[in-house]
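Please put together the full structure from these sequences, using the hints given.
Chains as they are written, first to last, in this note's numbering: chain A, 100 to 299; chain B, 100 to 299; chain C, 100 to 299; chain D, 100 to 299.
Derived by calculation from the structure, the hints in this document are not laboratory data.
Just so you know, these numbers come straight off a predicted model, no measurement behind them.
Incorrect hints may appear among the rest.
Any copy, or any two copies together, can satisfy a pair, since identical chains are not distinguished.
No more than 30 angstroms apart at the CA atoms, straight line, and that leaves these computed lysine-lysine pairs for DSBU-like [claimed, not checked]:
| id | residue 1 | residue 2 |
| --- | --- | --- |
| 1 | Lys-186 | Lys-139 |
| 2 | Lys-186 | Lys-236 |
| 3 | Lys-215 | Lys-297 |
| 4 | Lys-236 | Lys-297 |
| 5 | Lys-215 | Lys-139 |
| 6 | Lys-186 | Lys-146 |
| 7 | Lys-186 | Lys-215 |
4 protein chains.
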Amino acid sequence: MSDRIGELARAFERFPGIGPRQAKRFVYHLLSVSGADRAKLSELIAKIGSDVHQCPECMRFSNGNGPLCAYCADPARDDALLTLVEKDQDLAALERAGTYRGRYFVLGGVLTLSGKGAIRERDLIRVVGMRLGRGLKEIVLALSATSEGEHTSDRIRELLAPYRERVRISTLGRGLATGSELEYSDAETLRAALAGRKET
Amino acid sequence: MSDRIGELARAFERFPGIGPRQAKRFVYHLLSVSGADRAKLSELIAKIGSDVHQCPECMRFSNGNGPLCAYCADPARDDALLTLVEKDQDLAALERAGTYRGRYFVLGGVLTLSGKGAIRERDLIRVVGMRLGRGLKEIVLALSATSEGEHTSDRIRELLAPYRERVRISTLGRGLATGSELEYSDAETLRAALAGRKET
Amino acid sequence: MSDRIGELARAFERFPGIGPRQAKRFVYHLLSVSGADRAKLSELIAKIGSDVHQCPECMRFSNGNGPLCAYCADPARDDALLTLVEKDQDLAALERAGTYRGRYFVLGGVLTLSGKGAIRERDLIRVVGMRLGRGLKEIVLALSATSEGEHTSDRIRELLAPYRERVRISTLGRGLATGSELEYSDAETLRAALAGRKET
Amino acid sequence: MSDRIGELARAFERFPGIGPRQAKRFVYHLLSVSGADRAKLSELIAKIGSDVHQCPECMRFSNGNGPLCAYCADPARDDALLTLVEKDQDLAALERAGTYRGRYFVLGGVLTLSGKGAIRERDLIRVVGMRLGRGLKEIVLALSATSEGEHTSDRIRELLAPYRERVRISTLGRGLATGSELEYSDAETLRAALAGRKET
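Below you can see the structure in the form of structure tokens.
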């Protein structure tokens, strides 16, 4: 007889940030809810792959029923700008900030210094090529200010080297993030904050 | 068209300890794995209710195919002792400790001071009645050393009042837990540690 | 007979970030070291006020034996720039960053939203007046990116309003600090990071 | 010219739990208070060695003006019990618990597994010898439930081996400390909690 509790716990252990103990707790939680709730969750997971599709232009996952997602389909957004982000949630964070009106491309990951990770290189080349025909002027590398983010940016600059004459490549501005205190800020952040000071 | 990403995220938000952000991350994680992995998880969740059953004597969830779970079915365990725990994971912790050889009953929850929570009161009465016929001598209240644990113990003592002449009721010993430092220990723990000192 | 342990502990409780328990620990630490070590510490504390003096131009505390501190006395530093910081440690952090070559002024505190705190307003006016005569062109408000820092910057802008025609006032650049991840960045930081993006 | 700020900061770095950054903050804090406050602190530190004395029987530091501290001088306390603690604060914690009425001895440290640390071995032998003449029946090893505490207890048992026939040696009771949850408790704590269960 098989160990279903253990099997399901091991499946949850593959979820991001979930250890064996919390995975077990998820199983017992599911055993404590109604069969209808379990059936509903099971169905949502079974169908999420077909209910949600990946936009062929920005590669993000979207509920949209058209071929393109809402941002890629929106004719009012600025075709001159293409912002590259690591993942769907980063794109959502930029949208919440509310000032960016250009296009997006989701890399689907970062490259670690130890050589792990993968990004959508082939899709990136395809999309940049396509967007150059639509007036693309600037690619914004919107990676996290971490060593992995910088390593990934370096790789993208290599990939985009053939287009450098036709398109600007920029990176997000560095400086004091909300809540930063000078005393605890590192030298790189302070140099950027000084260089990027703004008249008020 | 419905928002499937949001629906699935909301389902994960009901998991213990999971907030909106991590729930979203679970959804994107599932979108990034293979359809076969999603199908497997979906099926495990759909069937966990029927694959796993609740032992009618200790009420824990078990993979066992017999009517009783392995501990309740084991004739070598001591019928004189019945330990009451809050949840399946607490039972597993006691088994890992390796010295207890009596029987168990899983309460399925705790009662909070604000009146929330529920325990399996009717099953408890039924099981205690049944076990009295099999030589039960002592019921160990193995609740956590928290105000909720004490509140739950109080309620159980009320429920078991009619049996007090036929069965001893005990609670787990208090004292220094592994890692406790005297300077940071509260008065109650220190009083228990002094009262329970052991000759060595 | 007086409670010297308690008296000394209460004196240490006034140290920044020190609670009653750690204050007590400091006292017992001092009781455990040699009398010579205690005498040395006692003397350093007694004399720190006279051994260290406050530079009359930047107001920072300095070991310097001249009237001015090393930065204010250095003829090679740029008189066109004056950076205002909250405290001596912030000035030290900027120096460690290594790119700033202008002058400093230490405010000696921040103003809280609840009306607490104080800054060296009179000295600021005096020093700005003096520095205008030496070619001052820009005042950099180098406060922390916190609500207190912004509140203090607002007050300084008020104080400096009479000089606005003769001097630029700037604030440190905002953006991604080292280690910032997009997903967890607030909208204000992301807007600044997008607006301040740099070609690479 | 000497670096007084750095010298005083390095003196504070020797305080328990204080790193370079907080030590610097202490110095600037002292520079910001009045000269009278600094003089007062300086004097308290200079005199703490003579104002406070170590009780020759329990070895704790005390403000008392008699030769013995208040606990050792109290004729009402039970001479049959002697509790050994690591440090003065542990003794204070036991007193706050309010049930112990015996005598104390402060070891003045713990022995680490790597061979560091020291305890007052000679004073311990002297005091135990003296207390045996006054009716001592039991020595309670009240060390923390850590590997260092156990290592120290082992060493004390060695030292006290010659007295084993005339005096009982006990250790504090182990079990659930206040706040302990079963699921997160280690096996040793759970075994002690089960073995030490109490009828209620």
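Run the structure past the numbered hints and jot down the numbers of the failing ones, going up. Those not satisfied: there are none.
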